[in-house]
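So the protein sequences, as listed, match chains A and B. What the first sequence shows, in this note's numbering, is residues 2 to 117, in sequence order. What the second sequence shows, in this note's numbering, is residues 79 to 186, in sequence order.
Any given hint could be a false lead.
What the hints assert, rightly or not - Each computed BS3-like pair below joins lysine-lysine, with the alpha-carbon atoms no more than 30 Å apart:
#, chain 1, residue 1, chain 2, residue 2
1, B, Lys120, A, Lys10
2, B, Lys173, A, Lys58
3, B, Lys157, B, Lys123
4, B, Lys123, A, Lys72
5, B, Lys173, B, Lys80
Stated by the list, open to error - Just so you have them, the derived chain A footprint on chain B, three or more residues with Cβ under 8 Å:
#, region
6, 87-95
7, 112-121
8, 147-161
These are computed hints drawn from the structure, not numbers from a lab. None of these values were measured; they are calculated from a predicted model. We put the beta carbon where it would ideally sit given N, CA and C, even for glycine.
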Amino acid sequence: NAGVTQTPKFQVLKTGQSMTLQCAQDMNHNSMYWYRQDPGMGLRLIYYSASEGTTDKGEVPNGYNVSRLNKREFSLRLESAAPSQTSVYFCASRGLAGGPSVETQYFGPGTRLLVL
Amino acid sequence: RKEVEQDPGPFNVPEGATVAFNCTYSNSASQSFFWYRQDCRKEPKLLMSVYSSGNEDGRFTAQLNRASQYISLLIRDSKLSDSATYLCVVNLGFKTIFGAGTRLFVKA
Numbered sequence: 002n003a004g005v006t007q008t009p010k011f012q013v014l015k016t017g018q019s020m021t022l023q024c025a026q027d028m029n030h031n032s033m034y035w036y037r038q039d040p041g042m043g044l045r046l047i048y049y050s051a052s053e054g055t056t057d058k059g060e061v062p063n064g065y066n067v068s069r070l071n072k073r074e075f076s077l078r079l080e081s082a083a084p085s086q087t088s089v090y091f092c093a094s095r096g097l098a099g100g101p102s103v104e105t106q107y108f109g110p111g112t113r114l115l116v117l
Numbered sequence: 079r080k081e082v083e084q085d086p087g088p089f090n091v092p093e094g095a096t097v098a099f100n101c102t103y104s105n106s107a108s109q110s111f112f113w114y115r116q117d118c119r120k121e122p123k124l125l126m127s128v129y130s131s132g133n134e135d136g137r138f139t140a141q142l143n144r145a146s147q148y149i150s151l152l153i154r155d156s157k158l159s160d161s162a163t164y165l166c167v168v169n170l171g172f173k174t175i176f177g178a179g180t181r182l183f184v185k186a
C-alpha cells in the first residue's frame, strides 16, 4: 500500500496563477482532508470530505476549492494564488487505527508551495 | 479558548531524561484521542492512541482523564531520535482537531 500520495512535492507560482494539488489514498477510507501548515504553526483545516460526493469547509477555506473526484482522490485548487497562500499543504485520509471504532488520520508527505 | 491546548514548549532535555507533555481539550463530546509526532518538514505520523485505562508502547506511556478533559504523554529514557514536535489530537465527529504541538529537543 502506498498510503496517501500527493503531487507535486514542490511548486512555485506567481501571484494570480492557478494550480491544483492532487491527493490519492489506497486505504479505502471514506473521509479525506486538506490542511495547511505555516512555519512554526499548527495544522489548519481547509476543507474536508466525510464521504464520496460531499465536501465541507474547514477553518480557512477562503481562496480554495476542492473536488472529491471518487473515493480515492481529493484535489485542492487555488484559483488565483496569493503570497499569503505560501505554505505546506498536507492531505490526509481517516480510517481505523487498530482499535474497534477508533479512526485516525494518515497523512501524505505534503506539497511545499511558494507564491511570489 | 482553543479546542486543544498543549504545553507551549520547547522542552530541552538531556539524553536519558523523562519528559511529560500535557494537553487539555474543551469539548466533552470528543470521542477518541491520539498523540502524533512530526519531524521537521515532514508529515505528522501517529505515535499512539490514548485510552482511559492508560496505555504503554515501549518507552511511551499515554493517559486520558475524561473527567478533567486532560491527556498526557510520558517519554522515559529519552533518545536523540525523540527530538520532534508532539501533537495532541482529538476526534470530534468527522473532524480531527490538532493541538499546536510541543517541540522536544533531546541533547547528548
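The hints, checked one at a time:
1. Between Lys120 (chain B) and Lys10 (chain A) the CA atoms are separated by roughly 12 Å; this keeps the pair inside 30 Å, and the hint holds.
2. The hinted pair formed by Lys173 (chain B) and Lys58 (chain A) meets the criterion: a straight-line CA distance of about 11 Å does not exceed 30 Å.
3. Between the alpha carbons of Lys157 (chain B) and Lys123 (chain B) the distance comes to roughly 18 Å, so the proposed pair stays at or under 30 Å and holds.
4. Taken as a hint, the Lys123 (chain B) and Lys72 (chain A) pair is honoured in the structure, with Cα atoms around 22 Å apart against an allowance of 30 Å.
5. With a C-alpha separation of about 15 Å, the suggested pair Lys173 (chain B) and Lys80 (chain B) falls inside the 30 Å cut-off, and the hint holds.
6. Only when three residues or more bring their CB closer than 8 Å to a CB of chain A does the claim for the region 87-95 of chain B stand; here the count is 0, and the claim is violated.
7. Counting residues of the region 112-121 of chain B whose beta-carbon sits less than 8 Å from any beta-carbon of chain A gives 4, enough to reach three: the coverage restraint holds.
8. By the rule of at least three residues with a Cβ nearer than 8 Å to a Cβ of chain A, the coverage given for the region 147-161 of chain B is violated, with 0 such residues.
Hint compliance for this structure: hints 6, 8 are broken, all remaining hints hold.
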